[in-house]
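Trainee: The listed protein sequences derive, respectively, from chains A and B.
296 is the number that my numbering gives to position 296 of the first sequence; each next residue is one higher, with no gaps.
9 is the number that my numbering gives to position 9 of the second sequence; each next residue is one higher, with no gaps.
You may find that some hints are simply not true.
FRET-style restraints, in silico, Cβ to Cβ [to be verified]:
1. B/ALA126 x A/LYS9: 55 to 63 Å
2. B/GLN160 x A/ALA27: 49 to 57 Å
3. A/ASP158 x B/GLN160: 53 to 61 Å
4. A/ASP285 x B/LYS9: 44 to 52 Å
5. B/GLU225 x A/ALA325: 52 to 60 Å
6. A/ARG23 x B/VAL31: 52 to 60 Å
7. B/GLY41 x A/SER52: 43 to 51 Å
8. B/HIS204 x A/ALA110: 34 to 42 Å
9. A/GLU12 x B/VAL31: 41 to 49 Å
10. B/LYS9 x A/ALA27: 45 to 53 Å
11. A/THR334 x B/PRO51: 29 to 37 Å
Derived pair list, reagent style DSSO-like, types lysine-lysine, alpha-carbon separation capped at 30 Å [to be verified]:
12. A/LYS194 x B/LYS198
13. A/LYS9 x B/LYS219
14. B/LYS111 x B/LYS201
15. B/LYS219 x B/LYS198
For the record, the hints were derived by calculation from the structure and aren't laboratory data.
Glycine included, every Cβ here is placed at the ideal spot set by N, Cα and C.
Letter by letter, the chains look like this.
There are 2 protein chains.
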Amino acid sequence: MGNRDTEEKRTEIAELGEFGLIRELTAPFTVKNKETVLGAGDDAAVLLPCPSCEEYTLLTTDLLLEGIHFDLTYFPLKHLGYKAVVIGCSDIYAMNGTPLQMTLSIGVSAKFSVEQLQEVYEGVRAACDDYGIDLVGGDTSASLTGLTLSVTVTGKVDRQKIVYRSGAKLHDLICITGDLGAAYMGLHLLEREKRALKGVKDPHPHFEGYEYLLRRQLKPSARREVIEELASADIVPTAMIDLSDGLASDLLHICKQSHCGARIYLDRLPIARETYQLAEELHADPVVAALNGGDDHELLFTVPLSLQEQIMHVGGIEVIGHITAKETGVALTTPDGSDIPITAQGHTETPKG
Amino acid sequence: MGNRDTEEKRTEIAELGEFGLIRELTAPFTVKNKETVLGAGDDAAVLLPCPSCEEYTLLTTDLLLEGIHFDLTYFPLKHLGYKAVVIGCSDIYAMNGTPLQMTLSIGVSAKFSVEQLQEVYEGVRAACDDYGIDLVGGDTSASLTGLTLSVTVTGKVDRQKIVYRSGAKLHDLICITGDLGAAYMGLHLLEREKRALKGVKDPHPHFEGYEYLLRRQLKPSARREVIEELASADIVPTAMIDLSDGLASDLLHICKQSHCGARIYLDRLPIARETYQLAEELHADPVVAALNGGDDHELLFTVPLSLQEQIMHVGGIEVIGHITAKETGVALTTPDGSDIPITAQGHTETPKG
Numbered sequence: 001m002g003n004r005d006t007e008e009k010r011t012e013i014a015e016l017g018e019f020g021l022i023r024e025l026t027a028p029f030t031v032k033n034k035e036t037v038l039g040a041g042d043d044a045a046v047l048l049p050c051p052s053c054e055e056y057t058l059l060t061t062d063l064l065l066e067g068i069h070f071d072l073t074y075f076p077l078k079h080l081g082y083k084a085v086v087i088g089c090s091d092i093y094a095m096n097g098t099p100l101q102m103t104l105s106i107g108v109s110a111k112f113s114v115e116q117l118q119e120v121y122e123g124v125r126a127a128c129d130d131y132g133i134d135l136v137g138g139d140t141s142a143s144l145t146g147l148t149l150s151v152t153v154t155g156k157v158d159r160q161k162i163v164y165r166s167g168a169k170l171h172d173l174i175c176i177t178g179d180l181g182a183a184y185m186g187l188h189l190l191e192r193e194k195r196a197l198k199g200v201k202d203p204h205p206h207f208e209g210y211e212y213l214l215r216r217q218l219k220p221s222a223r224r225e226v227i228e229e230l231a232s233a234d235i236v237p238t239a240m241i242d243l244s245d246g247l248a249s250d251l252l253h254i255c256k257q258s259h260c261g262a263r264i265y266l267d268r269l270p271i272a273r274e275t276y277q278l279a280e281e282l283h284a285d286p287v288v289a290a291l292n293g294g295d296d297h298e299l300l301f302t303v304p305l306s307l308q309e310q311i312m313h314v315g316g317i318e319v320i321g322h323i324t325a326k327e328t329g330v331a332l333t334t335p336d337g338s339d340i341p342i343t344a345q346g347h348t349e350t351p352k353g
Numbered sequence: 001m002g003n004r005d006t007e008e009k010r011t012e013i014a015e016l017g018e019f020g021l022i023r024e025l026t027a028p029f030t031v032k033n034k035e036t037v038l039g040a041g042d043d044a045a046v047l048l049p050c051p052s053c054e055e056y057t058l059l060t061t062d063l064l065l066e067g068i069h070f071d072l073t074y075f076p077l078k079h080l081g082y083k084a085v086v087i088g089c090s091d092i093y094a095m096n097g098t099p100l101q102m103t104l105s106i107g108v109s110a111k112f113s114v115e116q117l118q119e120v121y122e123g124v125r126a127a128c129d130d131y132g133i134d135l136v137g138g139d140t141s142a143s144l145t146g147l148t149l150s151v152t153v154t155g156k157v158d159r160q161k162i163v164y165r166s167g168a169k170l171h172d173l174i175c176i177t178g179d180l181g182a183a184y185m186g187l188h189l190l191e192r193e194k195r196a197l198k199g200v201k202d203p204h205p206h207f208e209g210y211e212y213l214l215r216r217q218l219k220p221s222a223r224r225e226v227i228e229e230l231a232s233a234d235i236v237p238t239a240m241i242d243l244s245d246g247l248a249s250d251l252l253h254i255c256k257q258s259h260c261g262a263r264i265y266l267d268r269l270p271i272a273r274e275t276y277q278l279a280e281e282l283h284a285d286p287v288v289a290a291l292n293g294g295d296d297h298e299l300l301f302t303v304p305l306s307l308q309e310q311i312m313h314v315g316g317i318e319v320i321g322h323i324t325a326k327e328t329g330v331a332l333t334t335p336d337g338s339d340i341p342i343t344a345q346g347h348t349e350t351p352k353g
């Protein structure tokens, strides 16, 4: 009947990687409508509802699947609902925008109760309140196995102040909010305790001293306050991206789309004390966590060198390097002055919180 | 760790039904932004990007899960991609709007190849071309089992011409596009052949004479041409809804939201010859298929009685009844003049194509 003869040629999805796959699949599509300013390729799509609008409409969507993006052994349903909204809002902030509305579709198997779904929605509501957005649609549907969340977030941004990944210029400063690798280490901690306590009745996981890492994984924030502070200081970044795939991968996105290189400095990378501490305990490298750990939902952005003084006065931001010519590539400079090239590597989907 | 203590009280999702569940979950949410004109409760959310816009932005989202919404034993991947877009576009047309953009997120297990995903995207592209919309985002992600599609479609509609479910008035004519129950009977045919050919190598299903029913299930259309013809004729319906849950359920939505009753006539229901024929073969009632079969993606709408003459000149539309006072309820009148009350019944999720 339907799909029997379709497997004559078989390319494994893993061969292409996440970004290669999306490129391959979407290459044949062309834009038809004048209302579409930018389709795929940035943190959110950019739409112009009418020619006289002073603001663009932003649109971003994310799919969260049980067993891939979250593990309900340790991920509280309320936090899951909260995080799903944060992920979408972070994409809107990464365009220098303001999130406004969201839709949520949930696929849910019979093992879940109404009360459990209410917990998910409680988290969604808390996030809607924290980020000032309206839930405007979506639905729930049966599923054969597990929990699926699909979140779409819309937003707005002044047409003169939109920030793409593609606007970084030579000598621009590379800035980052918050710290790196904590969400990733939080995930490792949760996974460790899950393994250690497997089959144990009434388990008591050991999280003492690492509450910060857990919070970064289980209840992340989107950087609303940074976007607002930049606006107050009248600073418009030249390029920006949400750090969801890890600094290395996301910096490469900016450099590729801005046709430039970058130099970042190891001793400038903001890494929390707890991240160092747990990395030591687990015999892991905190710098690898900082570079390749996903889920931070910090903002990586560039500003003109002339704004160095001003950017220092905005709280919670570190300058970690600068934009270079494309030919010099993208590299991490260690304290002894040697350069480690940063090259593409797909975002690892497992384990993920 | 996470969700152990959350099951103290347990209400089964089935106890509330699809619509009751959504009401329960979304009741605590309130609208905060002036840009949000209407949240949940119609075919699409209604947004006003800026006060000077002459058009509203529309937003609708759907989640399609393997084993619940489609069965890949007989559902070709290309058609699945096509149908996912049609479902979203139909929601936009049901607001009297024009679809413009879409995002697609896919969750896919390792059993799928790149070539199979390309088939899904081919169908999406064909639908984007047929309905004039742009693919502007989304992603693919690993999944543990099966295929998940999440589609969000945006659109626009003149602020003066938007049509809600809530606008039907006493004596309005109830109109319907196309015919009813064919998609549902197509699904039954596919399920019958699936059962009959289970375990058969090189199966040859018997579909002769029922190609129309298959097409209605596997490659449905959204009623773009009707919306365009209504616009040409300068007719703005008073209320409208996409027929996705079956005529009975969707007519009840209009009556509930418009605070009115309705009388529809059995001998006016448009039912295709093939629908009758297969129903007879399967000893099923074609009227039940017409009233309760989902997936038709026709438009159900109301127009003022004064437009009776004009609406007759628009092709592909049947007038099946009229709006009555709320107190008279919603009923189907049979040819012998007796009234059968139409009461709420949840949309059945299984079997579904």
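Trainee: Hints first: check each against the structure and report whether it holds.
Mentor: To see whether the hints hold, each was checked on the structure:
1. B/ALA126 x A/LYS9: 55 to 63 Å: At 21 Å between Cβs, range violated.
2. B/GLN160 x A/ALA27: 49 to 57 Å: Cβ of B/GLN160 to Cβ of A/ALA27: about 40 Å, so the range 49 to 57 Å is violated.
3. A/ASP158 x B/GLN160: 53 to 61 Å: violated (28 Å)
4. A/ASP285 x B/LYS9: 44 to 52 Å: The hinted range 44 to 52 Å holds for A/ASP285 and B/LYS9, with Cβ atoms some 46 Å apart.
5. B/GLU225 x A/ALA325: 52 to 60 Å: holds (54 Å)
6. A/ARG23 x B/VAL31: 52 to 60 Å: The hinted range 52 to 60 Å is violated for A/ARG23 and B/VAL31, with Cβ atoms some 38 Å apart.
7. B/GLY41 x A/SER52: 43 to 51 Å: Cβ of B/GLY41 to Cβ of A/SER52: about 29 Å, so the range 43 to 51 Å is violated.
8. B/HIS204 x A/ALA110: 34 to 42 Å: Given a distance of about 36 Å, which is inside 34 to 42 Å, the answer is holds.
9. A/GLU12 x B/VAL31: 41 to 49 Å: holds (46 Å)
10. B/LYS9 x A/ALA27: 45 to 53 Å: Roughly 51 Å apart at Cβ, these two residues keep to the hinted range, so it holds.
11. A/THR334 x B/PRO51: 29 to 37 Å: violated (54 Å)
12. A/LYS194 x B/LYS198: violated (41 Å)
13. A/LYS9 x B/LYS219: Within the cut-off at roughly 25 Å; holds.
14. B/LYS111 x B/LYS201: holds (21 Å)
15. B/LYS219 x B/LYS198: Between B/LYS219 and B/LYS198 the Cα gap is close to 24 Å, so the pair holds against 30 Å.
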